[in-house]
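S.K.: The chain contents come next:
There are 2 protein chains.
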Amino acid sequence: MESVISDADSCIVHQFEKMVELSESEINLLAALERDARKFDSGERLAFAGEYSDRFYTLRSGWACAIKTMADGQRQILDIFLPGQILGLREIGLSHSLTEFRALTPIEACPFPKQRLTEIFEKSPRLTDLFFLIMAREQAMLIERIVNIGRRNAAERLAHFIVEMKVRLNQRACEFHLPMNQSVIGDTLGISSVHVSRTFKHLRDLGLIDNKNGQIEINNLEGLIDLSGFDRTYLETYPDWTRLTKPSKRGY
Amino acid sequence: MESVISDADSCIVHQFEKMVELSESEINLLAALERDARKFDSGERLAFAGEYSDRFYTLRSGWACAIKTMADGQRQILDIFLPGQILGLREIGLSHSLTEFRALTPIEACPFPKQRLTEIFEKSPRLTDLFFLIMAREQAMLIERIVNIGRRNAAERLAHFIVEMKVRLNQRACEFHLPMNQSVIGDTLGISSVHVSRTFKHLRDLGLIDNKNGQIEINNLEGLIDLSGFDRTYLETYPDWTRLTKPSKRGY
DNA sequence: CGATTTCTTGATTCTAATCAAAAACAGTGG
DNA sequence: CCACTGTTTTTGATTAGAATCAAGAAATCG
Numbered sequence: 001m002e003s004v005i006s007d008a009d010s011c012i013v014h015q016f017e018k019m020v021e022l023s024e025s026e027i028n029l030l031a032a033l034e035r036d037a038r039k040f041d042s043g044e045r046l047a048f049a050g051e052y053s054d055r056f057y058t059l060r061s062g063w064a065c066a067i068k069t070m071a072d073g074q075r076q077i078l079d080i081f082l083p084g085q086i087l088g089l090r091e092i093g094l095s096h097s098l099t100e101f102r103a104l105t106p107i108e109a110c111p112f113p114k115q116r117l118t119e120i121f122e123k124s125p126r127l128t129d130l131f132f133l134i135m136a137r138e139q140a141m142l143i144e145r146i147v148n149i150g151r152r153n154a155a156e157r158l159a160h161f162i163v164e165m166k167v168r169l170n171q172r173a174c175e176f177h178l179p180m181n182q183s184v185i186g187d188t189l190g191i192s193s194v195h196v197s198r199t200f201k202h203l204r205d206l207g208l209i210d211n212k213n214g215q216i217e218i219n220n221l222e223g224l225i226d227l228s229g230f231d232r233t234y235l236e237t238y239p240d241w242t243r244l245t246k247p248s249k250r251g252y
Numbered sequence: 001m002e003s004v005i006s007d008a009d010s011c012i013v014h015q016f017e018k019m020v021e022l023s024e025s026e027i028n029l030l031a032a033l034e035r036d037a038r039k040f041d042s043g044e045r046l047a048f049a050g051e052y053s054d055r056f057y058t059l060r061s062g063w064a065c066a067i068k069t070m071a072d073g074q075r076q077i078l079d080i081f082l083p084g085q086i087l088g089l090r091e092i093g094l095s096h097s098l099t100e101f102r103a104l105t106p107i108e109a110c111p112f113p114k115q116r117l118t119e120i121f122e123k124s125p126r127l128t129d130l131f132f133l134i135m136a137r138e139q140a141m142l143i144e145r146i147v148n149i150g151r152r153n154a155a156e157r158l159a160h161f162i163v164e165m166k167v168r169l170n171q172r173a174c175e176f177h178l179p180m181n182q183s184v185i186g187d188t189l190g191i192s193s194v195h196v197s198r199t200f201k202h203l204r205d206l207g208l209i210d211n212k213n214g215q216i217e218i219n220n221l222e223g224l225i226d227l228s229g230f231d232r233t234y235l236e237t238y239p240d241w242t243r244l245t246k247p248s249k250r251g252y
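Chains as they are written, first to last, in my numbering: chain A, 1 to 252; chain B, 1 to 252.
Be aware that one or more of the hints could be misleading.
To be verified - Covered by chain B, according to a simulated footprint, are these stretches of chain A (three or more residues, beta-carbon under 8 Å):
{"hint": "1", "stretch": "10 to 24"}
{"hint": "2", "stretch": "64 to 76"}
{"hint": "3", "stretch": "117 to 125"}
{"hint": "4", "stretch": "133 to 141"}
{"hint": "5", "stretch": "148 to 155"}
Claimed, not checked - Negatives, chain A to chain B, calculated, CB over 12 Å:
{"hint": "6", "residue": "27"}
{"hint": "7", "residue": "29"}
{"hint": "8", "residue": "42"}
{"hint": "9", "residue": "82"}
It should be emphasised that the hints constitute simulated quantities derived from the structure, not laboratory data.
Heads up, the beta-carbon is just placed ideally off N, CA and C, and yes, glycines get one too.
With these hints in hand, go ahead and build the complete structure from the sequences.
M.R.: What follows is the structure, given as structure tokens:
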């Protein structure tokens with residue numbers, strides 16, 4: 001198989017290296033998941049809910065999301081994916097997709113067969129631990145989302161979402177582009193698009209943010225965090241790596 | 001270590017055997033997670049949020065839940081655990097607990113060190129796959145919960161919750177005991193306890209259920225499913241077991 | 001049986017949904 | 001560069017759903 005993308009360039013390897021130092025062979029295993037990049041237009045669907053699916057995608061560039069559409073046409077967005085993430089990891093072991101995956105911007109995504117992960121499990125217990133960890137962190141995000149939707153009002157939800165995106169984008173600067181229209185944001189937060197507009201205005205009036213044309217500028221991060229009840233530990237609660245620091249014993 | 005409980009009796013082994021046939025050695029590995037049963041009173045806490053934790057619990061009998069408490073004292077219940085489940089699986093790799101775990105009834109739970117799971121990963125790739133699968137199914141439940149809370153009104157949420165519990169309890173009969181008061185149910189569904197009461201009345205008035213003293217009787221399951229928009233596939237979407245049917249190649 | 005918790009019901013308030021229409025903006029082709 | 005089109009955002013008016021407050025009824029526990 002020919003590598004279109006050099007391994008050093010791999011988003012997913014970067015992602016993993018943020019967590020732990022990788023061996024040569026581990027880098028190769030991971031980078032193999034990110035060949036064969038395909039382009040998708042903004043709004044294009046990568047997979048349908050309920051459809052048979054034997055593959056995942058790694059996201060190389062752009063933003064994507066997982067969507068669940070209800071019988072009456074309402075939608076709930078469940079994840080926002082950034083480059084380096086794997087789309088659909090939670091569907092390992094399921095033959096049919098639980099959710100729809102859709103590009104939020106023009107993206108490059110690299111399909112690979114689910115089976116490839118099982119192979120990694122067999123070859124590298126260390127990467128197995130890491131994949132387990134990634135799933136665990138995705139669950140942590142889902143949990144935070146449940147709390148957000150279940151127990152916070154619109155202003156708190158939106159504030160929380162903005163802080164979360166800022167943290168995930170790892171921006172030093174307090175300004176970033178959010179490639180989601182207010183209808184999509186509403187579907188993420190469980191509120192109507194009209195109310196998203198009002199809530200943005202409310203946050204502006206409070207002097208917490210400015211937003212214009214999909215650009216978010218945070219004027220008062222502390223204020224946003226206070227309002228939202230953002231749990232600083234939730235993305236920072238860093239793993240207990242002790243058992244991962246030793247090099248892999250088994251082969252590969 | 002002395003075995004208080006015979007392996008054949010292990011809840012967690014039963015749970016796994018629902019999914020796939022286990023070898024002798026796999027049964028031993030799993031059953032080892034369920035020795036040393038400890039009793040907890042109804043309402044007792046097994047772990048605090050934010051606390052250092054190097055252990056999981058397997059739940060042997062009774063019901064438990066995971067709770068997130070917010071700064072202002074509001075609570076959101078994130079999971080309801082039934083016998084055979086592992087409490088806190090999602091916190092593998094995190095040194096501190098994300099949520100609080102609390103008994104909903106008097107329970108027996110068996111603590112075991114997180115490390116034990118890593119050992120299982122090293123010894124049995126087949127069980128590794130299964131643990132991944134379990135996490136994946138937990139995520140599927142969290143997703144359904146997000147949709148439930150984000151996009152359904154109180155009647156739909158409660159109806160959905162009742163159907164979900166019925167399915168999870170695997171009851172042929174349409175009557176079961178729900179050991180949660182209406183305040184706890186409200187914290188699960190993201191509505192107030194008062195509104196839970198009204199919503200039960202509403203479902204009774206529609207002739208869908210009867211409920212009294214924590215006992216639920218479903219009078220019209222189809223009606224409940226229709227009202228709630230329950231996705232029949234979501235707990236039924238059964239795994240693609242093909243790659244699990246072959247026996248383990250590696251040792252153990 | 002009394003004490004405490006849980007459930008029910010009513011009245012009121014608040015938040016957000018819905019409906020509708022205008023304003024702002026982005027993309028297109030001339 | 002501008003006029004045209006479609007989309008997105010904003011704003012207002014109204015309605016609906018659920019929270020809150022409060023008090024009485026029912027169930028549970030010791």
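S.K.: Which numbered hints are broken by the structure, listed smallest first?
M.R.: 1
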